[in-house]
Amino acid sequence: MTILVLNGGKKKDWGQPDICALLSSEILSQGHSVDKIDLEDIPIAPCTGCFGCWVRSPGECTIDDEGRNVAKAAIQCDLLVFLTPVTFGGYSSELKKAVDRLIPNLSPFFVNIGGETHHRPRYTRYPPILGVGTLEEPDPEKESIFRTLVGRNAVNYHSPFHDAVVIVPGREHDLREALRQAVKKAGGA
Amino acid sequence: MMGGPGSAILLVGSPKGGASTSEALGRYLLEGLEGRGVETGVAHVLRSLRSEEGQRDLLRSVGAAGLLILAAPLYVDSLPSGVTRMFEIFATEHSGKDRLGGKRFVALINCGFPEANHCDTAVDICRCFAREAGMEWAGGLSLGGGEAIGGKSLSEAGGVARNARKALDMAAEALAVGRPVPEEAVSLMAAQAVSTWLYTLIGDIGWRLKARRHGAGSRLRDRPYRR
Chain Z
1 MTILVLNGGK KKDWGQPDIC ALLSSEILSQ GHSVDKIDLE DIPIAPCTGC
51 FGCWVRSPGE CTIDDEGRNV AKAAIQCDLL VFLTPVTFGG YSSELKKAVD
101 RLIPNLSPFF VNIGGETHHR PRYTRYPPIL GVGTLEEPDP EKESIFRTLV
151 GRNAVNYHSP FHDAVVIVPG REHDLREALR QAVKKAGGA
Chain U
190 MMGGPGSAIL LVGSPKGGAS TSEALGRYLL EGLEGRGVET GVAHVLRSLR
240 SEEGQRDLLR SVGAAGLLIL AAPLYVDSLP SGVTRMFEIF ATEHSGKDRL
290 GGKRFVALIN CGFPEANHCD TAVDICRCFA REAGMEWAGG LSLGGGEAIG
340 GKSLSEAGGV ARNARKALDM AAEALAVGRP VPEEAVSLMA AQAVSTWLYT
390 LIGDIGWRLK ARRHGAGSRL RDRPYRR
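Protein chains in written order, with my numbering: chain Z, 1 to 189; chain U, 190 to 416.
Extracted from the complex, chain Z is given alone in its bound form (with noise of 0.2 Å):
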């Protein structure tokens, strides 16, 4: 299986790059090909909310940059993972600048799920989600932030399931564990 990593870290942050590192590493170990994007290295332009994916040129950004590429390599993996920096509770803005240029995988269209609007799927199949956080000391409202903010892209991205981790000085085997359930239950134990 294809894993693509979208690392939202900066080489000054804590973990980077060694959890990084530790991450693609243990994806080969297992077998699995590994696709990294260090999103501190490449201009992505913030997405301005055109809706020019969905009503222009629908299903692809009209801003032509490596954003239309992350989009592309995030419907087409088989298990896609957020590592970022926990940034008050939520990704930092080298990730977001990447995910907010995923909408044009999703259709404009509304559908009701669990009582509460969301956007139709473009696609027959989207990628489960792993988050990956990490934190230079242990903070359980940020923690926690972080846990819904995965929970709730998962349910707006279809994943078929999600997880999410938060990696403390110490901790660094909880990823090495997450990302083998991630891995089992998307089958490719």
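Simulated from the structure, these hints should not be mistaken for lab results. From a predicted model like this one, the values you see are computed outputs, not experimental measurements. Glycine included, C-beta positions come from ideal geometry on N, C-alpha and C. Hints are supplied without guarantee of correctness; some may be wrong.
Quick list of the computed label-pair ranges, beta carbon to beta carbon [stated by the list, open to error]: (1) Glu141/Z / Gly290/U: 39 to 49 Å; (2) Ser25/Z / Gly192/U: 50 to 60 Å; (3) Val366/U / Gly188/Z: 57 to 67 Å; (4) Glu141/Z / Gly252/U: 24 to 34 Å.
Position chain U relative to chain Z; hints supplied.
Frame of chain Z; chain U shown alone:
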């Protein structure tokens, strides 16, 4: 009771170049504060972040204000990347706590889904940012069905903005004297002005019409990245 903020700055977090619902909500609140003697200013986040000079101006304006008002749309269950970048700059790269400590922060988040609760995570992130930056959390207002306002000024938006106007009137009254946004205003802002059924029906028709206008009416269900 605390004193009023003296001055307030509206941080418009919408990346749209033109009129936005975020700015309409923020400006309505600013008008309410101005009417109560609060000095106000407006900054557009994405525009400010494009240059070093813009960032410096933004930090200067924020440094001078007693109340920070973020008005932003919901992007993929949280704040747009530009707003997150602004938070990172405020809190870390420029000694956020020294600069922001003691100020008050209020968030106005709107989304294109009819239900306001989609905005909850974004509001939580704002509250977390305020705490980390040493600011006092003055409350978060979530609005669903933002497309119904569609960037019009709230006074011109008619009945669909009635709840928002009332909620922001109550918020302005409280914020002007140093109180947090009342719970009643939070509930009123979150109350649906248009039924889900009607909102989604009109929305779906709108997408078809817009696509047709751009010559893409027959391609709405395209799957360019299908493998």
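**Request:** If any of the earlier hints don't hold here, list their numbers in rising order.
**Result:** Violated hint: only 1; rest satisfied.
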